[in-house]
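Visitor: Residue numbers (the working numbering), protein chains in the order written: chain A, 1 to 628; chain B, 1 to 157; chain C, 1 to 253.
Which residues of chain C face chain B? A partial, calculated answer using Cβ under 8 Å:
| hint | residue |
| --- | --- |
| 1 | H140 |
| 2 | I142 |
| 3 | G143 |
| 4 | F144 |
| 5 | A145 |
| 6 | F146 |
| 7 | R147 |
| 8 | P156 |
| 9 | F157 |
Calculated from the structure, these hints are not laboratory results.
Cβ atoms here follow ideal geometry from the backbone N, Cα and C, with glycine treated the same way.
Here are the chains, one letter per residue:
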Amino acid sequence: MMPDLSSLCRKGLEALYPDKVKITVGRATCGRASGAEEVYQALLAEVKERGLDCTVATTGCLGFCQEEPLVCVQFPGKPRYVYSRVRPELVKEIIVGVINQNMPRKRLLGKVFEDEVLITGEKVKMDDRSGDRSLAENPFYLPQVKVATRNCGYIDPGSIAEYVARGGYLALQKALAQTPEEIIQEVLESGLRGRGGGGFPTGKKWDFARKSPGGVKYVICNADEGDPGAYMDRSILEGDPHTVLEGMTIGGYAIGAHTGIIYCRAEYPLAVATLREAIKQAEENGFLGDDIFGSGFSFRIEIVEGRGAFVCGEETALIASIEGKMGEPSPRPPFPAERGLWGKPTNINNVETWANIPPIIMKGGKWFAGMGTENSKGTKVFALVGDIKNNGLVEVPMGTTLRQIIYDIGGGTGVFDFKAVQTGGPSGGCIPASLIDLPVDYEELTKAGAIMGSGGMVVMNEHACMVDVARFFITFTQDESCGKCLPCREGTRQMLELLNKICAGKAEMPDLELLENLALAIKDAALCGLGQTAPSPVLSTLKYFREEYEAHIREKFCPSGVCRELFELTIAEEACRGCGRCAEVCPQQAITGQRKQPYRLDQDRCIRCRACLNTCRHKAIKVVPPRR
Amino acid sequence: MNVTEIEEIIARHQEVDGRVSGILGDIQKKYRYLPEEALRLVSKKLGIPLTQLYGVATFYAAFSLSPKGEHLISVCHGTACHIRGAVQLSEILEKKLQIKEGETTKDGKFTLEAVRCLGCCSLAPVISIDGKTFGRLKPEDIPGVIAGWKERDNCDA
Amino acid sequence: MNLTIDGKTVPVIDETTVLEVAQREGIWIPTFCHHPGLPPYGACRLCVVEVKAGGRPGLAASCTLPVADGLVIETNSPRVQRSRRILLQLLLAVTPGSAVVKELAEKMGVNTTPFEINEQENHCALCGLCVRVCNQVGAHAIGFAFRGTRRRVTPPFGKPAADCVGCRACASVCPTGDVKFTEKGDRLFGENWGADLSLARCSSCGRLFTTEYLFNHVKTKLGPDYSAAKLCPTCRRRSTANVMTGSYLGKVR
Chain A
1 MMPDLSSLCR KGLEALYPDK VKITVGRATC GRASGAEEVY QALLAEVKER GLDCTVATTG
61 CLGFCQEEPL VCVQFPGKPR YVYSRVRPEL VKEIIVGVIN QNMPRKRLLG KVFEDEVLIT
121 GEKVKMDDRS GDRSLAENPF YLPQVKVATR NCGYIDPGSI AEYVARGGYL ALQKALAQTP
181 EEIIQEVLES GLRGRGGGGF PTGKKWDFAR KSPGGVKYVI CNADEGDPGA YMDRSILEGD
241 PHTVLEGMTI GGYAIGAHTG IIYCRAEYPL AVATLREAIK QAEENGFLGD DIFGSGFSFR
301 IEIVEGRGAF VCGEETALIA SIEGKMGEPS PRPPFPAERG LWGKPTNINN VETWANIPPI
361 IMKGGKWFAG MGTENSKGTK VFALVGDIKN NGLVEVPMGT TLRQIIYDIG GGTGVFDFKA
421 VQTGGPSGGC IPASLIDLPV DYEELTKAGA IMGSGGMVVM NEHACMVDVA RFFITFTQDE
481 SCGKCLPCRE GTRQMLELLN KICAGKAEMP DLELLENLAL AIKDAALCGL GQTAPSPVLS
541 TLKYFREEYE AHIREKFCPS GVCRELFELT IAEEACRGCG RCAEVCPQQA ITGQRKQPYR
601 LDQDRCIRCR ACLNTCRHKA IKVVPPRR
Chain B
1 MNVTEIEEII ARHQEVDGRV SGILGDIQKK YRYLPEEALR LVSKKLGIPL TQLYGVATFY
61 AAFSLSPKGE HLISVCHGTA CHIRGAVQLS EILEKKLQIK EGETTKDGKF TLEAVRCLGC
121 CSLAPVISID GKTFGRLKPE DIPGVIAGWK ERDNCDA
Chain C
1 MNLTIDGKTV PVIDETTVLE VAQREGIWIP TFCHHPGLPP YGACRLCVVE VKAGGRPGLA
61 ASCTLPVADG LVIETNSPRV QRSRRILLQL LLAVTPGSAV VKELAEKMGV NTTPFEINEQ
121 ENHCALCGLC VRVCNQVGAH AIGFAFRGTR RRVTPPFGKP AADCVGCRAC ASVCPTGDVK
181 FTEKGDRLFG ENWGADLSLA RCSSCGRLFT TEYLFNHVKT KLGPDYSAAK LCPTCRRRST
241 ANVMTGSYLG KVR
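Could you put together the complete structure from these sequences and hints?
Guide: Put into structure tokens, the structure is as follows:
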């Protein structure tokens, strides 16, 4: 059937901007984890009970995950109210506000005065600019430029009409009227590079797959987002699934594939369910299937669920997994573009990469290349998490500095000093506070000993031990190594042995040299990308925090107070204001004292759980070497 | 295990891509593990060596060869959760349930497992019970969460 | 097509990998998981060489590195040596008793390992030769299971290998001598796999020479033309010789 874009668009606009009050709840996974379902049910109940004529709708994640559950209230033609950390109690007040047309100010994060539709450039203005703070001017949102996440938190992911109303599937229509070569040229011009890890130019990858001989080809969406600390792909799949379907269909047309496969990790059940519904709606409306837009091009998309193996994020392991085998990587060359799934030419891109395709096709490669740095174009979504004030997903132009991301958007690390930021997950590294003005792009991160990876940014304050962080990641890779090649399997096992020794205070200085040589050998000799980058967390912490390793070895002291055998906690009398918070949180009653007098800590009862350390706003709890 | 049920699951999966994963996933869901006889049957019906299926069954974290508990508690050990106290959550859960991570309680009610990242890093540390995620947890919250889940279970029964 | 290996430019004749070209040229590259009769695998990484030009620069396993025109390879650069030494130290820690590994290590000047030594009885280094040859034979009796450091070679469910045919190919390719078969009476035991097979007795000399399974398998494969007599290789040779001599003598007469 021929897709009917205009009637879908009309239907979508009616749903997005109805002529009655619309209350929207962010019901993606982070919203749900914060109680969005209870809020949603409470809203439905209140509306029903009071017989209100208003819509209660669902949307994805607006990115400000720590402020979830987010609830939006929109009166026809008026600015939209956005409430944060909504609890069922606040629901009543919101409903009363709706009835009285006098909305509460409690937990009001800001107001939305204008919606911009990125694809078409249209702006939906809502009158009345006066009064409350604009959400767009919130420091968390101000520097952001949303391309891949343009629809997340705006549309109902279960409604294809709302996607179309925001310019969805226009790019597909446009692409199918062009030649595949023209599309590849556009993607090449955009400078888009893989957002999943390696950063290989997407256009070049497509070109290889297109030129590979063969009648049957595949495109795959890598949705096996396994990097701990990164979840932008989940958010896109849960909030805007059609952009991935549209991107893949355009990619399929460009390289000559008729089958697309989304390999989605099992830990994301909501994403899988959202995708299934989206595929169904796309098929029903003629965006997937035979002879799409009368072009003669046919394309289908299926979902294969991952079963919990980090290594399957690696292209060749992912392919083995789809074929029903253990997820073991195989040597490249041959690359999947030559010999991939079932031996056929295969092109694999990750979720965020695919999500960038429709805007690039619609607005042109030059537009995309206008953002970013010389070799890293466009925007990148980062998961800004850890010891930071504002947690969430942020999308900024490439080249934005760490300082802008961590301090301007993230609001800094509070009373505790910023120590390092870990980027790129288990394949990445720790960047120290001294490099805070680093512009974030592929080259700069690599130069600093980390990588872009999929965009995880875990911020750590002075209470994070870098040796422990390295050990955390090596535990991870050791556990997630497929075990096929010797350096990765036995090498990570031995690295972990050494790190355990260091963290237990049982290592000697030659162990450090051995650790470094072993790390370099694994980097050089391992079979796949996972193995080759497994030593990065060790190498980068050795590069910037060697003195911390040395303190563990020479002084048997963990200066950050993490490695349990290697420190003690005391209260510095001169800094203690006698507020008593530390005593309240101590599970051992090891801290005693009187208000407004310095408190005391009983070493014999202390289990070094660090509850006091993280609670004291005056930094009166000190980490000291253990008595021996 | 019931042969007809397994045959139905196999029949439901006619796709080429991801067929093995789909079939084993459904069996795991139904029985909360992969019974040996089921794998033997799948091997015979699909003409896939049993060694390959056994390899797959032991390789992926989502599959298990012994029954998991009625309720699955997953403690996220992603980076953000790690630096914000996931280890302490695990310790208290292990103490409370009297099992180690990866084990199932004697009454078969709960399985405790460590997972790599639930993708809720902004709410770290998080755990999930039967797919429902709980965020911003402190060790002292754990008893309440478990009790709440047990209560829900009684209501369902 | 030409490659440059260690400064010498050589043609590619019918080789498909860099390792094959090097071996033809008489250049020694250590290998452990490689077997010329099996497809390349690339697990032990001992055969890493350094790609200097004509491909992605860095180290690559020569057993899986496809030949390409203009490739410039160094088989013994300092970087290669550094990695190989560590790999051998790792291997020594996994399989401390293996004579093959010791010899390889000594060749590279490695006599001891600084790493924690594997104290277990099982000294399998997971090179995968046994699994690959078993699949090649078509028996699929053993395979890899689990992942990472828990990875091991085993029959399904760790139970006696029901599909083992007793060909002993796994034992013959195992570089550490870890795979063992023993004969006891007319039984053959595959110790690692818990296999227990009955041996076939030669109907002429009475010697045990193969497993009943394999004898019957070959008989079915070769069809009715194949003599049904259960003969060991020696007796079969003699019998064939007798038949041929008979017919020859018959013709001469």
